[in-house]
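Residue numbers (my numbering), protein chains in the order written: chain A, 1 to 629; chain B, 630 to 971.
Hints are computed from structural coordinates only; laboratory data are not their basis.
Once the Cα atoms are required to be at most 25 angstroms apart in a straight line, the calculated SDA-like pairs of lysine to any residue come out as:
hint, chain 1, residue 1, chain 2, residue 2
1, B, LYS823, A, GLY464
2, A, LYS203, B, ARG953
3, A, LYS430, B, LEU961
Among the chain A residues that face chain B by a calculated CB cut under 7 angstroms, a handful are:
hint, residue
4, PRO241
5, ARG294
6, ILE426
Chain B regions said to be covered by chain A (calculated; three or more residues, Cβ under 8 angstroms):
hint, stretch
7, 695-706
8, 716-725
9, 740-747
10, 938-947
11, 962-969
Just so you know, even glycine gets a beta-carbon here, dropped at the ideal spot from N, CA and C.
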Amino acid sequence: MGETVAPAVAVQKQRRQLDRAVVRFAGDSGDGMQVTGEQFTIEAAWAGADLATLPNFPAEIRAPAGTLFGVSSFQLQFGSCRIYTPGDRLDCLVAMNPAALKVHVGDLKEGGLLIVNTDTFEKKNLDRAGYPANPLDDPALAQRYRLHKVGITRLTMEALEGLPLNIREKERCKNFFALGLVSWIYTRPIEPTLSWIAKRFGKSETLADANIRALKAGFHFGETAELFTECYGIEPAEMAPGLYRSMTGNRALAWGLLAAAERTKLSVVYGAYPITPASDILHELSHYKRFRIRTMQAEDEIAAVGAVIGAAFGGAIGVCATSGPGMALKAEGINLAVMAELPIVVFDIQRGGPSTGLPTKTEQADLLQALYGRNSESPVVVLAPMTPGDCFFIAYEAIRIAVKYMVPVIVLSDGFLANGAEPWLIPDPKTLPDIPVNFRTDPAGFFPYVRDEATLARPWVRPGTPGLEHRIGGLEKEHITGNVSYDAENHDLMVRLRAEKVRRVAQEIPPTTVYGPAMGDLLVVGWGSSYGTITAAVEAAQQEGKPVASLHLRYMNPLPPDLGQILRQYRRILVPEVNSGQLVRVIRAEYLVDAVGFNRVRGLPLQTQEVREAIDQMLEDKQMLEDKR
Amino acid sequence: MSDPAGVAEAPRNYTKKDFESDQDVRWCPGCGDYAILSAAQKMMPDLGIPREDIVFISGIGCSSRFPYYMNTYGFHTIHGRAPAIATGLRLARPDLKVFVVTGDGDGLSIGGNHLLHVIRRNVNVTVLLFNNKVYGLTKGQYSPTSELGKVTKSTPMGSADRPVSPCAFALGAGATFVARTVDRNIAHMEETIKRAARHHGAGFVEILQNCNVYNDLAWNILYDRESKITHELKLEHGKPLLFGPVDDRHGLVLEGAKPRVVKVREVPESTLWVHDETDPWKAHILAQLAEPDFPIPIGVLQRVEGPVYEELLLEQERKAIADRGPGDLAALLVSGDTWRIG
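Using the sequences and the hints given, assemble the complete structure.
Here it is in structure tokens:
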């Protein structure tokens, strides 16, 4: 980390320049850690930093206070350089109670900044966290970290003295004291948070005032308390010029649908059954009725996909979102859309499994389910966004392909992308590709399964079109006429046609970008949300002169047509994934290359450092490289 | 939004033939479905809806082959899910007249949940549930409407689960229109389906239907000329509930909430239960009437008005657009917290 000492402008204390920092706020799930982290994210972004975030919270809504499993945290990395991940090890940890300290202190770098709210370190909370004695009394803690013991609760109460609020209401403002303090430490502007508070608590002047006071008290505490001898500055990152906003993956998926609705002038029927971590897409879309987004909270996952299929049959855009368990339930419905060749889009916001698994944690383990998890030969298009902001373009692309090819499209996002945020360069909607929608109206030569020569798409007919009355369904169709057919050769032909139609989507895929040398010892292949981690790890290895390149897949089925050719340019191929080895299996099967997986399935994104080590290990295996020469 | 069910006059002079598709009908010879198909095709011209604006959606089972034989738009979907698919279609296309064709297995077993919700939401669809008290397409297992102790292929010692009454189920789900008809009474069937189709909201019709292969004459009590007289209770709005031979008419009276069969000549006429389709309390009692203590009610059990799901949702959409104008993505993208770099 490059550090230069510069005189602080606004304060008398020294300000050291950093190029990046990793900060984590941790506390009880009722302590408002998510809001704190989100606000700090906005502050960091306003000051021009690049960043990536990692919210991490328990599945329980209000887990018992003080318990280890009730700890909620929000981590972000921000910097003046390109930031690809929320970071591995922490530069700063804010622990609002003993449980948060216990769960997270192991991730703090030696010598890192440790801010604890001492007011919560009392017997009851220590017992709940399983501390036999107060860890703050252990001198080892202060030796290992730069420990700052702050009575955050008490100082907040003092700052709010005289306000007509009860003790509980005042105490709830303590997260903003912590935010103010950290904002001062990292020289982040509190203005965006002030305006957020004004908006959020607009109806209660007292609550707005209380939170503003707590925020400012925290900020001033950093400035004046002798505890802190220095603060840190981070220069704006060099980012593409333009207007930015903070974007999460779930919101980006929702907005991508709005873009498609606006462009096609079609209404979108969005069917959903609430499921973590996909529900926020439903919440978000339900606000956009003006875009003719018709959200339906269905009775179950099956009804959600059913409604969407019905909508697509009616000539609307049908979209639903779910997570792994819901995908399992939707399998039959998706297959109906495969057989009926109707354009639907299914977002799978992957989470830890199997079964209910880890509802609030991330995973990339639904790839094989998306590709193969339905009965019989069931080809669908599968796409995967790389970053939260990319979700916008992937959602739009999913609809474009679904409509053009009359095919179901599955989008594999995950919990990390869904809730993670990044600074997002706001696109000009006019630059989005066109989505031509051609409903068939001409009865001359019409059959439900007559196909477009280029795409093999069958015609999309809106019921209500005279002369085109026809019946479709889940039974096998006769080629062209669409009549029910049990004929052996016809079935074989239709199986091939459905597969070929999906294969032809490959003509939509732009040439694959390779980061690094176009041939050599090692290629790292990734997909989905591990883009940041892999890129950071590969860049770091490249800076050390290591002969490594990377590429990242957004089109999972069909795969890019140039992929096989690229893979053959490297002696070894490493595929890091948050699963037990799914893409690596597909690559080995498709291209007969000796790809090797790097797999960790912890409910968390991969860490940059461990991918670095895996890269080094592959490169160090000289014998293996030699054998491949 | 135009509601096709409300259109009074036929824009084209359709005949039954206009609603017959070119597909060979593949039900077993003698199946009750033929009569239902014929009645549906016959009554269609009376609805006065352009053929292209009509969609039949079905699930899986013998009954669910129905859409192939109607010369309208049709979608033969997956087991039990037709109500969900129909709901999505109505949400996308409130201008279409949508029928759901289902059976006792499709609608009340695998699709029970969806049937519940399409009725509860009062989606503007007409649900025709063919009830033959057996699984036909899977070759003869008992169904959720089979009587307790039913001996079938899968229950050689008799079924151990009690049957559900489709009409009681529909009423329990909050149906606004519930009716029952019989496949061997074409005129009644036509009239009943027509009334259901014209209902504003979910129109539910249980059609007692014969599976002559796996459960022949399950409804014989209503087929046999003799037994029909004493077991069929024809419901007519505003008229007393009467059944039995002309020389020995029986009727129903209500003692509190409890129905009782009486001989008409033994009670004052004013005490007889007069059918009121708009009385939801009494509809629940009618739905419970069953053999052997009571005759089987045929006709419209209940017809009330209720808010229609997709209309409420689309009204919200209209209001949102009226209040704030149509969506504008470019404006949305730059709304809220943004910052400029460079």
